[in-house]
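These protein sequences, in sequence, are chains A and B.
All residue numbers for the first sequence refer to my numbering, where the first residue is 16 and numbers rise by one.
All residue numbers for the second sequence refer to my numbering, where the first residue is 16 and numbers rise by one.
Note that these hints are calculated values from the structure, not bench results.
Predicted model, so just to flag it, every value in this text is computed and none were measured.
Heads up, the beta-carbon is just placed ideally off N, CA and C, and yes, glycines get one too.
Any given hint could turn out to be false.
Said to hold, decoys possible - Covered stretches of chain A (in silico footprint by chain B; criterion: 3 or more residues with CB under 8 Å from a CB of chain B, positions within the stretch not fixed): (1) 85 to 95; (2) 155 to 168; (3) 174 to 184; (4) 229 to 236.
To be verified - Residues of chain A placed beyond 10 Å of chain B at every Cβ, according to the derived structure: (5) Arg-98; (6) Glu-102; (7) Gln-103; (8) Ile-130; (9) Pro-208; (10) Arg-212; (11) Leu-220; (12) Arg-265; (13) Glu-276.
There are 2 protein chains.
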Amino acid sequence: MLVVKIGGAAGIDYTPLCANIAELHAAGERIVLVHGGSDGANQLGMRLDHPPRFVSAPSGHVSRYTDRQTLEIFMMATALLNRQLVEQLAGLGLPALGLSGLDGGLLRGRRKDTIRIVEDGRQRILRDDWTGTAHTVNTPLLTTLLDAGYLPVIAPLAVSAHGEALNIDADRGAALLAGALGAAALVLLTNVPGLLRDVYDPTALITHIPAAELEQFQPLAHGRMKKKLLGAAEAIQGGVPQVVLADGRRQQPLSRALRGEGTVIA
Amino acid sequence: MLVVKIGGAAGIDYTPLCANIAELHAAGERIVLVHGGSDGANQLGMRLDHPPRFVSAPSGHVSRYTDRQTLEIFMMATALLNRQLVEQLAGLGLPALGLSGLDGGLLRGRRKDTIRIVEDGRQRILRDDWTGTAHTVNTPLLTTLLDAGYLPVIAPLAVSAHGEALNIDADRGAALLAGALGAAALVLLTNVPGLLRDVYDPTALITHIPAAELEQFQPLAHGRMKKKLLGAAEAIQGGVPQVVLADGRRQQPLSRALRGEGTVIA
């Protein structure tokens, strides 16, 4: 069992990934594909005169401020990507089945009703935020679908205890899924070769991080890489033996990641 | 087993329907909810500077001309409605699970690569159209989900033999589903009381149509009602014993439809 997460950045060609998934699926591998959608949501928000707003937490993590309208834009943008991926996989003959974490209580989460942000050097509180953190996977639902031969493609939403839809971080959602499903590996595909010692030098790839030392590498992570390392740490804590951060922009991105071409955390 | 179809017109309050579904679900009824989304797609298309274009077939049926960009707008708009419905049902404690006909090959259809239209009194051919007609239901997938206790909420897409996403008519899709699932009834909720003898007189409701005489009532149908009667006929042909066209804008719309408040075709 593999859990694979891909980003949703503009202009990504998903053809190599889908072809690679088809190869592994044909070889009997069970795969769950999780995707992002932030960039699509940003673009759609701009076109709908509701541009994205990003906020920084005191910890330095940057996240999207999700008012209700932004949540609906996020729902639409992630659904479009989800359906495009399902369509592309279906075109290869794969029984792809798109879900969001909202469906059937697939990902249950806690809503952050208020978030503490840092703006102009000061901390303040934002309300009406529809982001959250997933904490529980409806594993029987996924197992039922996997047993029936389907390839789940999952959009980064969760459902709160009150039934509310929540925007969640896809890397951390994928980590939670990988742990719940007992995946042999979590592969986080991105648009860089992996974790870099120097963010400006793509050849400065860190090829291996012992799981116990992951914390020490956190200072090297910038921007979204912070969430990927956080997701990696959560997956390891959840019992996933191996997490690979790897480049999703090349041929056979998944097989290459599994061969260790990237940053392997184990 | 009931299959219920609701429209996607602007300003619809889905609260009464969702509450009614919760009552029937609690009483042990199996329900599949199918929704439209044309109006949401029209509005989104306008906002994204890609307004809808409707075309008339020689038969008089009016349908949306769906170029690729329109298909993607349709995907987003129907997904938003799907997720809003799932969210509202989840808020009532129901295990709603959103899918489109694309997912897991739920609805397989034929693409109309070219469509014949009537424009300014002349027939011509349009290409690059992404509409289609569903012909096959993945019944085992739905049965698996229903057996596991889920309440499927289905967006009107189908998948072609080549894996392409297709915009399908939701009334006819619901009819196909009702037949495949052996539903006791198909309820088509709309914004009129049912089929009217006089489209301008909401009190001129036709309360009962013997299934064998349905054809004779076709001339009374205008606009979208044509597709509803076509769907009703297809459901009856598919073995569904009862189809009800009823008003979705009132309290307990489903229970009232099942009590015969609407146009009952049986």
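Quick rundown of the hints versus the structure:
| no. | hint | in the structure |
| --- | --- | --- |
| 1 | 85 to 95 | holds (count 6) |
| 2 | 155 to 168 | holds (count 6) |
| 3 | 174 to 184 | holds (count 5) |
| 4 | 229 to 236 | violated (count 0) |
| 5 | Arg-98 | violated, 5 Å |
| 6 | Glu-102 | violated, 5 Å |
| 7 | Gln-103 | violated, 8 Å |
| 8 | Ile-130 | holds, 21 Å |
| 9 | Pro-208 | holds, 31 Å |
| 10 | Arg-212 | holds, 40 Å |
| 11 | Leu-220 | holds, 36 Å |
| 12 | Arg-265 | holds, 24 Å |
| 13 | Glu-276 | holds, 29 Å |
In summary, the numbered hints that this structure violates are 4, 5, 6, 7.
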